[in-house]
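Q: Chains as they are written, first to last, in the working numbering: chain A, 1 to 447; chain B, 1 to 245.
Keep in mind that the hints were calculated from the coordinates and are not lab data. The C-beta atom is built at its ideal place from N, Cα and C for all residues, glycine as well. A portion of the hints provided could be inaccurate.
Cβ-Cβ distance ranges computed for the label pairs, FRET-style [unchecked claim]:
hint, chain 1, residue 1, chain 2, residue 2, range
1, B, F196, A, D257, 38 to 46 angstroms
2, B, I231, A, A20, 31 to 39 angstroms
3, B, F196, A, A363, 50 to 58 angstroms
4, A, D257, B, G173, 52 to 60 angstroms
5, B, A65, A, A20, 26 to 34 angstroms
6, A, E279, B, Q25, 16 to 24 angstroms
7, B, R128, A, A241, 17 to 25 angstroms
8, A, D257, B, F224, 25 to 33 angstroms
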Amino acid sequence: MSILNQPLSGWGRYPVEICATRRPERYQDLRVTAPVQIARGQGRSYGDAALGEMVILTERVNRMLAFDSVAGTLRAEAGVTLAEILDIIVPQGWFLPVTPGTRFVSLGGCVAADVHGKNHHHDGAFSQHVTAIELILADNSRVTCSATENIDLFWATVGGMGLTGIIGEVSLRLIPISSPYIQVRHHAAANLTETFALFENADIDDAYSVAWIDCLATGKSLGRSVLMTGHHASATDLPSALQAPVKIKPAKSMPFDLPAAVLNPLTVKLFNQYYYNREGSKTRPFFAHYTDYFYPLDGISHWNRLYGKSGFVQYQCVIPTAGAFAAVTALLQKLAASRRPSFLAVLKKLGAQNPGLLSFPLAGYTLALDIPMRDAGVLVLTHELDAIVLAHGGRVYLAKDAVLTPQAFRVMYPRHAEWLRVKAQVDAQGRFASSLSRRLDLGAHHE
Amino acid sequence: MNKTVMIVGATSAIARATSAAFAAQGHDIYLAGRNADELARIAADLAIRYRVQVRWGIFVAEDLASHDLFFTQAVADMGEMHGVVLAMGYLGDQQAAREFSVGMDVILVNFTAAASILSRCASYLEARKQGFIVGISSVAGDRGRQSNYPYGAAKAGLSVYLQGLRNRLYPSGVRVITVKPGFVDTAMTYGMPGLFLVASPQYMGERILGALSKSADVVYLPWFWRYIMLIIKFIPEPVFKRLKL
Chain A
1 MSILNQPLSG WGRYPVEICA TRRPERYQDL RVTAPVQIAR GQGRSYGDAA LGEMVILTER
61 VNRMLAFDSV AGTLRAEAGV TLAEILDIIV PQGWFLPVTP GTRFVSLGGC VAADVHGKNH
121 HHDGAFSQHV TAIELILADN SRVTCSATEN IDLFWATVGG MGLTGIIGEV SLRLIPISSP
181 YIQVRHHAAA NLTETFALFE NADIDDAYSV AWIDCLATGK SLGRSVLMTG HHASATDLPS
241 ALQAPVKIKP AKSMPFDLPA AVLNPLTVKL FNQYYYNREG SKTRPFFAHY TDYFYPLDGI
301 SHWNRLYGKS GFVQYQCVIP TAGAFAAVTA LLQKLAASRR PSFLAVLKKL GAQNPGLLSF
361 PLAGYTLALD IPMRDAGVLV LTHELDAIVL AHGGRVYLAK DAVLTPQAFR VMYPRHAEWL
421 RVKAQVDAQG RFASSLSRRL DLGAHHE
Chain B
1 MNKTVMIVGA TSAIARATSA AFAAQGHDIY LAGRNADELA RIAADLAIRY RVQVRWGIFV
61 AEDLASHDLF FTQAVADMGE MHGVVLAMGY LGDQQAAREF SVGMDVILVN FTAAASILSR
121 CASYLEARKQ GFIVGISSVA GDRGRQSNYP YGAAKAGLSV YLQGLRNRLY PSGVRVITVK
181 PGFVDTAMTY GMPGLFLVAS PQYMGERILG ALSKSADVVY LPWFWRYIML IIKFIPEPVF
241 KRLKL
């Protein structure tokens with residue numbers, strides 16, 4: 001099969017590497033052909049997880065194979081996107097049990113990163129709704145794994161960043177809905193203490209919750225935020241104007257790289273003030289289409305160009321509940337002091353961790369920050385942030401990461417040794433490797 | 001309506017996109033190809049996405065003697081056949097195909113087998129006095145050149161065969177459209193050096209469907225290939241034979 005050499009990056013556009021790529025169109029061509037390879041879906045991980053010397057593009061292996069609209073189950077090839085799935089299932093009364101902040105991700109990517117959504121504190125991560133995975137192993141044999149079959153391989157594969165094999169097919173349980181709308185409520189919090197109080201208030205909690213944080217606010221406003229809660233609206237609650245089927249607006253596109261100077265501390269501060277006042281005042285419940293509630297940034301194609309040509313790193317960590325307030329305070333202070341404007345900062349409460357050996361979520365709070373990659377000082381900053389996270393027993397999210405050290409990784413993911421044992425069993429020669437796995441020393445390296 | 005459209009050579013990217021375009025219009029689909037696993041996957045996908053009836057059958061292009069029975073069974077399976085899109089194509093290794101023992105397969109699949117199945121479809125549609133045939137030929141058939149003349153010759157033959165069918169079936173009200181794609185972003189071209197103005201399979205699928213509601217008999221896709229090929233055809237042979245194309 002033909003090979004195309006091309007520059008690739010993750011969604012953060014840092015780093016950029018020239019990779020050999022293959023793009024199979026048939027399921028049987030989704031296989032190991034090179035000494036070393038890694039699968040890549042939509043390239044929506046942010047760093048170097050889907051880069052490597054040979055990248056298998058799964059975008060055309062994207063067939064939906066079985067959809068039971070009575071039982072609410074779906075089986076599909078890993079290259080299909082959540083957007084394609086939603087287009088089919090929502091009109092028939094079903095929704096994804098867990099969705100990340102973009103629908104333009106592949107199903108396989110959701111498994112590989114064991115993604116979480118705004119309902120993690122109730123419903124857990126993506127893998128907890130996966131009933132089976134067909135994995136293509138290093139010897140090109142195909143094996144089914146699930147929480148009840150080839151269990152060790154399953155929990156090494158979810159969150160395993162594609163390093164146990166090529167995720168070929170995924171079977172999933174869906175959740176029933178009766179409308180495409182979310183009933184949303186916003187709650188303004190003047191500082192971090194109020195923000196945490198809102199998250200811990202059971203009367204305010206809902207199926208989904210997430211807080212937008214103004215990460216340039218300092219002093220007694222540090223950590224001011226807007227908490228956005230919501231649940232699937234039932235069709236009977238909807239005003240008549242929303243009963244008609246909606247046409248999803250085509251995405252606007254960011255046509256060029258924004259010059260670096262546009263996003264500076266002053267402009268971001270002004271935007272944040274405006275956004276806080278506007279969104280924080282929506283205290284009465286309102287209805288939002290699911291695309292607007294879950295995927296606000298999907299409305300702008302190539303929004304990653306906002307950070308200019310040099311890209312950005314997204315720093316996402318989770319801190320166990322006990323130390324979360326102290327750690328988030330320290331992280332926000334560190335970021336504010338760095339005078340690096342983060343356009344997007346999000347705080348979210350997570351529920352209990354699952355048995356996924358490299359799965360990110362654990363019971364606590366997760367903070368996500370975009371940091372423009374303007375100079376090498378960013379690496380100094382992220383390592384300072386890592387130190388705060390480590391001191392509070394937290395970890396960073398591999399799907400977002402481009403800069404973590406192997407030493408820090410091993411402390412953050414205490415089950416990595418168990419994961420490496422499974423990796424050694426199924427891929428002793430290191431046929432699956434990415435730039436991330438080499439950076440973090442994840443498994444044998446085929447030379 | 002559910003007028004069934006048969007896609008011959010249904011597992012390529014262009015064929016899949018064309019099937020999707022017809023299915024999105026509510027047509028039932030019959031997929032013909034040689035790879036059972038792929039056919040089943042594509043059929044399931046089309047049925048889920050577009051909620052139309054999709055069936056498939058194994059079609060072995062080189063086995064000319066099997067075509068008659070294949071077509072009869074496909075029609076019996078679907079109840080009727082309203083149109084046919086001939087999407088099969090085999091480029092192979094054009095260097096190796098200079099040797100006739102290798103190049104024979106290219107001619108067999110792209111021309112002989114195509115003519116065989118098309119003749120069966122034509123008789124059926126002629127008797128029904130309605131429907132259409134879309135044949136996917138290639139700009140490579142517009143002029144022979146050293147880099148791919150076995151493929152080009154077969155596609156040139158196919159273009160003339162379709163032209164003849166068009167003439168024959170006109171009185172019966174059966175549309176025959178010849179599609180000549182330029183470069184399309186498929187497995188056939190992936191990683192190929194020197195590509196330019198590459199079209200997506202989705203574009204091809206939509207335009208192939210769209211051609212049925214327009215009057216043109218020969219459709220270049222994208223449209224500018226008509227002019228690129230016009231220029232190439234105008235180069236006098238004494239000059240052309242000296243070029244390295």
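Q: Among all the numbered hints in the text so far, which are the ones the structure does not match?
A: Per hint list: 1, 5, 6 and 7 violated.
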